[in-house]
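Trainee: Spelled out from the first residue to the last, the chains are:
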Amino acid sequence: MTKYIGKSIKRVEDKRFITGQGRYTDDIKINGMTHGYFVRSPYAHAKVKSVNIDAASKMPGVIKIFVGSDIPETIAGVPCGWQVDFKNGDTMKEPPHPLLVRNKVRHVGDGVAFVIAETRAQAKDAAENVDVDYEILDAVTCPKKATEAGAAQVHADAPGNLCFDWELGSPKDEVAAALASAAHVCELDFSNQRVVPNAIEPRSAIGHYDSAYDKYTLYTSTQNPHLIRLLMCAFVLGIPEHKVRVVGPDVGGGFGSKIFHYAEEALVTWSSKEINRPIKWTAERSESFLTDAHGRDHVSNAKMGFDADGKIVALQAYTYANLGAYLSTFAPAVPTYLHGTLMQGLYTTPKVNVDVKAAFTHTCAVDAYRGAGRPEATYLLERLLDLAALEMNVDPAELRFKNFIPPFDGVEQEGYQTQVALQYDSGNYAPVLERALEMVGYDKFREEQAAQSNGKLLGIGFSTYIEACGIAPSAVVGALGARAGLFEVAQVRVQPTGKVSVFTGSHSHGQGHETTFAQIVADKMGIPIDDVEIIHGDSDSVAFGMGTYGSRSLAVGGSAIVNSIDKVLEKGAKIAAHLLEASADDLEYAEGKWTVKGTDKSVAFGDVSLTAYVPHNYPEGMEPGLDFNAFYDPANFTYPFGAHVAIVEIDKETGEVKLKRFIAVDDVGNVINPMIVDGQIHGGLAQGIGQALHEGTVYDDTGQLINGSYMDYCMPRADDFPSFEIDRTVTPCPHNPLGVKGAGEAGTIGSTPAVVNAVIDALWKGGFKVKDVPMPMTPERVWTAMNN
Amino acid sequence: MGHMIKVNVNGKEHSGGVEARTLLVDYLREDLGLTGTHVGCDTSSCGSCTIHIDGKAVKSCTMLAVQADGCNVTTVEGLATNGNLHPMQEGFKEEHGLQCGFCTPGMMMTAIDFLKTNPKPSEDEIRHALEGNFCRCTGYHNIVKSIQYAANKMQTSV
Numbered sequence: 001m002t003k004y005i006g007k008s009i010k011r012v013e014d015k016r017f018i019t020g021q022g023r024y025t026d027d028i029k030i031n032g033m034t035h036g037y038f039v040r041s042p043y044a045h046a047k048v049k050s051v052n053i054d055a056a057s058k059m060p061g062v063i064k065i066f067v068g069s070d071i072p073e074t075i076a077g078v079p080c081g082w083q084v085d086f087k088n089g090d091t092m093k094e095p096p097h098p099l100l101v102r103n104k105v106r107h108v109g110d111g112v113a114f115v116i117a118e119t120r121a122q123a124k125d126a127a128e129n130v131d132v133d134y135e136i137l138d139a140v141t142c143p144k145k146a147t148e149a150g151a152a153q154v155h156a157d158a159p160g161n162l163c164f165d166w167e168l169g170s171p172k173d174e175v176a177a178a179l180a181s182a183a184h185v186c187e188l189d190f191s192n193q194r195v196v197p198n199a200i201e202p203r204s205a206i207g208h209y210d211s212a213y214d215k216y217t218l219y220t221s222t223q224n225p226h227l228i229r230l231l232m233c234a235f236v237l238g239i240p241e242h243k244v245r246v247v248g249p250d251v252g253g254g255f256g257s258k259i260f261h262y263a264e265e266a267l268v269t270w271s272s273k274e275i276n277r278p279i280k281w282t283a284e285r286s287e288s289f290l291t292d293a294h295g296r297d298h299v300s301n302a303k304m305g306f307d308a309d310g311k312i313v314a315l316q317a318y319t320y321a322n323l324g325a326y327l328s329t330f331a332p333a334v335p336t337y338l339h340g341t342l343m344q345g346l347y348t349t350p351k352v353n354v355d356v357k358a359a360f361t362h363t364c365a366v367d368a369y370r371g372a373g374r375p376e377a378t379y380l381l382e383r384l385l386d387l388a389a390l391e392m393n394v395d396p397a398e399l400r401f402k403n404f405i406p407p408f409d410g411v412e413q414e415g416y417q418t419q420v421a422l423q424y425d426s427g428n429y430a431p432v433l434e435r436a437l438e439m440v441g442y443d444k445f446r447e448e449q450a451a452q453s454n455g456k457l458l459g460i461g462f463s464t465y466i467e468a469c470g471i472a473p474s475a476v477v478g479a480l481g482a483r484a485g486l487f488e489v490a491q492v493r494v495q496p497t498g499k500v501s502v503f504t505g506s507h508s509h510g511q512g513h514e515t516t517f518a519q520i521v522a523d524k525m526g527i528p529i530d531d532v533e534i535i536h537g538d539s540d541s542v543a544f545g546m547g548t549y550g551s552r553s554l555a556v557g558g559s560a561i562v563n564s565i566d567k568v569l570e571k572g573a574k575i576a577a578h579l580l581e582a583s584a585d586d587l588e589y590a591e592g593k594w595t596v597k598g599t600d601k602s603v604a605f606g607d608v609s610l611t612a613y614v615p616h617n618y619p620e621g622m623e624p625g626l627d628f629n630a631f632y633d634p635a636n637f638t639y640p641f642g643a644h645v646a647i648v649e650i651d652k653e654t655g656e657v658k659l660k661r662f663i664a665v666d667d668v669g670n671v672i673n674p675m676i677v678d679g680q681i682h683g684g685l686a687q688g689i690g691q692a693l694h695e696g697t698v699y700d701d702t703g704q705l706i707n708g709s710y711m712d713y714c715m716p717r718a719d720d721f722p723s724f725e726i727d728r729t730v731t732p733c734p735h736n737p738l739g740v741k742g743a744g745e746a747g748t749i750g751s752t753p754a755v756v757n758a759v760i761d762a763l764w765k766g767g768f769k770v771k772d773v774p775m776p777m778t779p780e781r782v783w784t785a786m787n788n
Numbered sequence: 001m002g003h004m005i006k007v008n009v010n011g012k013e014h015s016g017g018v019e020a021r022t023l024l025v026d027y028l029r030e031d032l033g034l035t036g037t038h039v040g041c042d043t044s045s046c047g048s049c050t051i052h053i054d055g056k057a058v059k060s061c062t063m064l065a066v067q068a069d070g071c072n073v074t075t076v077e078g079l080a081t082n083g084n085l086h087p088m089q090e091g092f093k094e095e096h097g098l099q100c101g102f103c104t105p106g107m108m109m110t111a112i113d114f115l116k117t118n119p120k121p122s123e124d125e126i127r128h129a130l131e132g133n134f135c136r137c138t139g140y141h142n143i144v145k146s147i148q149y150a151a152n153k154m155q156t157s158v
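Chains as they are written, first to last, in our numbering: chain V, 1 to 788; chain U, 1 to 158.
To be clear, the hints were calculated from the coordinates, so they are not data collected in a lab. Heads up, some of the hints might be wrong.
To be verified - List of simulated lysine-lysine pairs, PhoX-like, C-alpha gap at most 20 angstroms: (1) K64/V - K124/V; (2) K93/U - K7/V; (3) K10/V - K153/U.
Please put together the full structure from these sequences, using the hints given.
Mentor: In structure tokens:
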């Protein structure tokens, strides 16, 4: 019986946020706290000939200025958490990523000095007086150009700027043969442009060394406190892990950018002992643009072949992936195991090959951004499908129905083995598209489109996507190069009075874990939701955790909670049996009490918990207490899927694209809180649509980020969107106890190609048969496409 | 230090010295400890720092603390009265108008001022009114619904 699961329970965390009592890192004050400010390189590539801090050190309030040579040799650079090998078996190139550079800067924003003063303003004043002598060098920003002969070199030990090359799927000659015999081949050259995550809370970190306990505390705006602690202690600072507490307080959005371990976290932690005072650093927005890991940035060529009936016969994808100047925590995994492995899509394509070259450039690091690799894969596949439909003059929806993998539930029918390593867990793909077409009113739309005569071009675009979430089975990702396990941890502590504290390694940065997880606990334990508290984000209270990303919190973290609850109830049943003088096998648990089957003899949960802590009348040999944890390592990824449809109108005079409708039908497995899941979809859609129409970095040839502020980078606003029309189907995950698949990234993954496809459709229907308009599809670019 | 100012914030008088260059948002956050008002950018674009000066929505990163001398300031901490949520706060909770919560105070302050001039707005008018406030979590969908909720509630309570 469920009282809470499946209901749109209002969020318990909202009260503090709507009353201004949320506590984000920059809100925290510690006695004696100082403020840090970074001197950052204004050049993308330059030799640092000297750094003179004499004048700056004498400025008011300055306590200490660290430069690269002040960092002891015993401190390592920022590590990478994933290793991808070259095709020939050589290890990827992994150049050092120092906390502060000594000799050379490699992107605009690279840290050169760290100024600590009594106030933020004083630190900033002094930073302006640090005198750095640079010798400017040539730079390269495009991942494809970076691999060409004569390109500026980012790292001496990565020739040709190649970090690794990589390939997955069917042999290339077999794919080539299938394409050669195809009735139609659709080919597309395109870029999946670089975007900036732009969590509205800038990154912030406070280091606090407490000499009384010889212990460090790092408060940081992070998606995974324990991973930061592990990486920082074991790989950077060499501090014993038990001497460091990492706290992620309320976190104001992340979208991937706050997964990673950043140099600033290690620097404030280390420096706080050096000066024996706490240090706070909070990024300014322009600093976030230059230093938060960016997303996407692929340059690709792809070919999809079809037989005469419209069945896909083969796919060949080539991608140059930009990694930026240094390897961020999960960077190598994104264009490979989170991208190449998704190239099967929802389709029965018998031959698939993906070839990736990952390059260093003189730009900010690129790593996982909402969707991480899967949006890039979906974009490639879905662009090709809609374009092929236009080229072959067939209906894009029909083309998809013809190619969908038939339904399988992963229980009666086996999971679907793709050509690119993954085995999908369960899927039923046609219904999401059928429902989307119904919501669109597809036939009527096509009639309207044909009749359009107001100087506007009407277009419709489709995207039917799949993603791999619930990241991830440790042994599988370990074999693929992950240097960490990707399980999750939960602890369910029943207090003597029957109130329940749940500690989870998942860490909310807006997802509402305190509500969703409490719904699960309250239902599984049959207690009121107010009796449950969810605790997350503090490495001293939560045993361990791998954090929140890859739509994993519910599928992996939620499953760990369920397994802990099972252990609590199993022990509780033995205590209840003792109290009821019955066998535990004869008891059933419902609505917060154990009852002897077929009788009215029962004992309440609170009586059992009290007995566990006041064990006077107690089973012989049993330990007191009622407190269990579980480490849950998933058996497989989860595979949410869906159908997204965009309807756009183009103004022929100006090239302006108006998004008129957006329909999304997603299948994220079972749903615990529909309100929260809908919210996740909405937010994801806005980010995906933002990439299609508004967002994108502009680096000039010297490596300057031309649009590194909100005055220049087009953040999507409320009036850029219509109200979204969303629905869902439910295909449970067969391999986790909740049957959930994850909803955090679906909106972003599916939506981008739907919008671009709608623009291309509108252009073709208006007589402009262009294959591509580069994202973001600004009025100028669309107008040019019509007037070229 | 610097300039003496006297400001009424959420019904309480504050007076003290500030540097001429101190932004109002820094005065509120650092000097008064009112950290509900947030800083999301350095270009007056994101609206996270929106407060009310004499009842009008203002981005507090765009104003110096000395300019607020003699003004009545309301921040998110001053919205609820006697423990009762403002209808806008209630709307954001009921309609799931927030996820990470960082933009929320500024969104609510902007929306409250907007409803004063347009108590029965259309969806398009609400979206237009939010042009100066960024949200990265919600896609604005439920923020629009939250403001509609508040508008309805404020209408019926008149």
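Trainee: In ascending order, which of the hints set out earlier in this document are inconsistent with the structure?
Mentor: none
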